[in-house]
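A.B. asks: Listed below are the residues making up each chain.
2 protein chains.
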Amino acid sequence: MQNLKNAPIGIFDSGIGGLTVAKAVIEALPNEDIIYFGDTARVPYGIKSEETIRTYALQITNFLLKKKVKMILIACNTVSASAKEEIIRAAGDIPVLDVISAGSRNAVSLPNHRHVGVIGTLATVNSNAYPEAIHAFDPTIKISQQACPLLVPLAEEGWIDNEVAKQTLHYYLDEFDESGIQSLILGCTHYPLFKEVIPKVLKNGNIEIIDSAESIAASAKTKLEELDLLNQTGGDFQCFVSDRPQRFHELAERFLGKSLNGVEVVNLD
Amino acid sequence: MQNLKNAPIGIFDSGIGGLTVAKAVIEALPNEDIIYFGDTARVPYGIKSEETIRTYALQITNFLLKKKVKMILIACNTVSASAKEEIIRAAGDIPVLDVISAGSRNAVSLPNHRHVGVIGTLATVNSNAYPEAIHAFDPTIKISQQACPLLVPLAEEGWIDNEVAKQTLHYYLDEFDESGIQSLILGCTHYPLFKEVIPKVLKNGNIEIIDSAESIAASAKTKLEELDLLNQTGGDFQCFVSDRPQRFHELAERFLGKSLNGVEVVNLD
Numbered sequence: 072m073q074n075l076k077n078a079p080i081g082i083f084d085s086g087i088g089g090l091t092v093a094k095a096v097i098e099a100l101p102n103e104d105i106i107y108f109g110d111t112a113r114v115p116y117g118i119k120s121e122e123t124i125r126t127y128a129l130q131i132t133n134f135l136l137k138k139k140v141k142m143i144l145i146a147c148n149t150v151s152a153s154a155k156e157e158i159i160r161a162a163g164d165i166p167v168l169d170v171i172s173a174g175s176r177n178a179v180s181l182p183n184h185r186h187v188g189v190i191g192t193l194a195t196v197n198s199n200a201y202p203e204a205i206h207a208f209d210p211t212i213k214i215s216q217q218a219c220p221l222l223v224p225l226a227e228e229g230w231i232d233n234e235v236a237k238q239t240l241h242y243y244l245d246e247f248d249e250s251g252i253q254s255l256i257l258g259c260t261h262y263p264l265f266k267e268v269i270p271k272v273l274k275n276g277n278i279e280i281i282d283s284a285e286s287i288a289a290s291a292k293t294k295l296e297e298l299d300l301l302n303q304t305g306g307d308f309q310c311f312v313s314d315r316p317q318r319f320h321e322l323a324e325r326f327l328g329k330s331l332n333g334v335e336v337v338n339l340d
Numbered sequence: 072m073q074n075l076k077n078a079p080i081g082i083f084d085s086g087i088g089g090l091t092v093a094k095a096v097i098e099a100l101p102n103e104d105i106i107y108f109g110d111t112a113r114v115p116y117g118i119k120s121e122e123t124i125r126t127y128a129l130q131i132t133n134f135l136l137k138k139k140v141k142m143i144l145i146a147c148n149t150v151s152a153s154a155k156e157e158i159i160r161a162a163g164d165i166p167v168l169d170v171i172s173a174g175s176r177n178a179v180s181l182p183n184h185r186h187v188g189v190i191g192t193l194a195t196v197n198s199n200a201y202p203e204a205i206h207a208f209d210p211t212i213k214i215s216q217q218a219c220p221l222l223v224p225l226a227e228e229g230w231i232d233n234e235v236a237k238q239t240l241h242y243y244l245d246e247f248d249e250s251g252i253q254s255l256i257l258g259c260t261h262y263p264l265f266k267e268v269i270p271k272v273l274k275n276g277n278i279e280i281i282d283s284a285e286s287i288a289a290s291a292k293t294k295l296e297e298l299d300l301l302n303q304t305g306g307d308f309q310c311f312v313s314d315r316p317q318r319f320h321e322l323a324e325r326f327l328g329k330s331l332n333g334v335e336v337v338n339l340d
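Heads up: the sequence lines are chains Z and F, in that order. When the letters of the first sequence are read in order and numbered with the numbering used here, they come out as residues 72 to 340. When the letters of the second sequence are read in order and numbered with the numbering used here, they come out as residues 72 to 340.
Misleading hints may appear alongside valid ones.
Said to hold, decoys possible - In silico DSSO-like pairs for lysine-lysine, Cα to Cα no more than 30 angstroms straight-line:
id	chain 1	residue 1	chain 2	residue 2
1	Z	K237	F	K271
2	F	K155	Z	K237
3	F	K274	Z	K237
4	Z	K266	F	K237
5	F	K237	Z	K274
To be verified - Here are the simulated distance ranges between beta carbons:
id	chain 1	residue 1	chain 2	residue 2	range
6	F	L129	Z	E279	52 to 58 angstroms
7	F	G229	Z	E297	45 to 51 angstroms
8	F	L339	Z	R185	48 to 54 angstroms
Said to hold, decoys possible - One side only, chain Z facing chain F, incomplete, derived with CB under 10 angstroms:
id	residue
9	T111
10	Y242
11	K266
12	I280
By construction, these hints were calculated from the structure, which means they are not laboratory data. In this text, a Cβ means the ideal position worked out from N, Cα and C, and glycines have one as well.
Chain Z on its own, in the form it takes in the complex (with noise of 0.2 angstroms):
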């Protein structure tokens, strides 16, 4: 088993949002090795049809188990939605998470919890994806759901704590502190960046911010305990995109939370 414990874990996003993922699974489970794609050439997945995000999201999970992962996250709401099954199907034995699952399930076991918001794109939550999550480990609780299209182009931009960044918010929350929320989940991987200012803009202080990817990473974290399949010798960060965008490393080094070296291109076409 030596040699599986050392095998890296797989994240991978359509673009670069997963490096919040990422960073988070680094501070997790700071000892193991990491290999992250994300589908820059192909961003954004929520414009496209079923069909179209599960071909891509098999070639990535190819990619991944040819790198001879021991675990997949999937660090993508899109995909979670939509390719959960088939991802799960592809990688056999290798265990799979997903964002909205873990981000759920954490949700869920709050104690007293009983209404949950939901942030995310139009796409994520026209999707239903995480009120149906929700719902399949209690069907008794009430959820409010709210697309926020801007805070991705905020995000991306650096815009996260100005007078832009704080007046979008109050735009897309203000009707939550009306609503009686006790947790807001942070359906995207673009909202960690706003972890910091979303309690500043909400009235309400008692709401509690779920972030998918410390959810996902958790989640990771006890799964890899259960299998005795923890690393205890790692610490590597490789990176692989499909294509290198117009200022790739300002941005995910933004995301990640430091510095990022070697990132590698591959054509998964």
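Following the hints, position chain F against chain Z.
C.D. replies: Positioned in the frame of chain Z, the structure of chain F alone reads:
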């Protein structure tokens, strides 16, 4: 020639932004039939390679040529910057106009204007296409550029004159106020939606706003007059897209400024 006079004008863009060009053409030439193509399945073009952009642009050009258009308007800044020559070659005798040339020609035609400001997407600004086009007319004109990545998502969210829009414009444009620009080219097909609010944000009230959509509509009218190809009996608008994304109708009508009937989805792959 009667037949050619009655032929439609073809307009295309990577998405729905080019509907602002269609709107300007309808206003300038209300008796023309128009065929619009928006490549909504493959938007955005700005992050794609030049080779891919050329391939897509030629597919659309061929689609329009099969529709027997008498003129092609490239309503996409990215395509104008990367594929104009290829489209002109493919179009043969059919005249081809593009937003960058039209806006640039308009800017240099203003008397005593020596310093032009250009705002656009990151891809358009980095391509340097506006400075090159303006300097081809007059190499002595000073040009200042500013990328405004958030304006496209703001326009698509419909936030074109709220506090977030104004605050965002201040972040992007306040330096222009100090720089001494005399005119400001709206170098993205989404930006005409901010034409009313931009003068309210600029402290220098003498800056002339140059709307590339209106510029290309005026150029189209002049060209059709020259060629004696003006239609007196048309006025139809047909819209083709490669995918019908979420909120398409709401968005499209905001950009076109009127209701939209019978949108047809076609696959060019």
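A.B. asks: Holds or violated: the 52 to 58 angstroms window for the beta-carbon distance between L129 of chain F and E279 of chain Z?
C.D. replies: About 53 angstroms separates the Cβ atoms of L129 of chain F and E279 of chain Z, which means 52 to 58 angstroms holds.
A.B. asks: Is the hinted pair K237 of chain Z and K271 of chain F satisfied, with a Cα-Cα distance of at most 30 angstroms?
C.D. replies: Roughly 22 angstroms between the alpha carbons, so the hint for K237 of chain Z and K271 of chain F holds.
A.B. asks: Hint says 48 to 54 angstroms; check whether the CB-CB distance for L339 of chain F and R185 of chain Z agrees.
C.D. replies: With a Cβ separation near 50 angstroms, L339 of chain F and R185 of chain Z satisfy 48 to 54 angstroms, so the hint holds.
A.B. asks: Holds or violated: the hint that Y242 of chain Z contacts chain F, with Cβ atoms closer than 10 angstroms.
C.D. replies: With Cβ-Cβ at 6 angstroms, under 10 angstroms, it holds.
A.B. asks: Using the beta carbons of G229 of chain F and E297 of chain Z, state whether their distance is inside 45 to 51 angstroms or not.
C.D. replies: 48 angstroms, holds
A.B. asks: Once the shortest beta carbon distance from I280 of chain Z to chain F is found, is it less than 10 angstroms?
C.D. replies: 22 angstroms, violated
A.B. asks: If you draw a straight line from the CA of K274 of chain F to the CA of K237 of chain Z, is it 30 angstroms or shorter?
C.D. replies: Measuring from Cα to Cα gives roughly 24 angstroms; hence the hint holds.
A.B. asks: Can you confirm whether the C-alpha distance between K155 of chain F and K237 of chain Z stays at or below 30 angstroms?
C.D. replies: 41 angstroms, violated
A.B. asks: Take the shortest C-beta to C-beta distance between T111 of chain Z and chain F; is it under 10 angstroms?
C.D. replies: Constraint on T111 of chain Z satisfied, holds at 8 angstroms.
A.B. asks: Check whether the Cα positions of K266 of chain Z and K237 of chain F lie no farther apart than 30 angstroms.
C.D. replies: 24 angstroms, holds
A.B. asks: For a C-alpha distance cap of 30 angstroms, please report whether K237 of chain F and K274 of chain Z respect it.
C.D. replies: Measuring from Cα to Cα gives roughly 24 angstroms; hence the hint holds.
A.B. asks: Have a go at the K266 of chain Z hint: is there a Cβ in chain F nearer than 10 angstroms to its own Cβ?
C.D. replies: 20 angstroms, violated
Violated hints, listed in ascending order, are 2, 11 and 12; each of the other numbered hints is respected by the structure.
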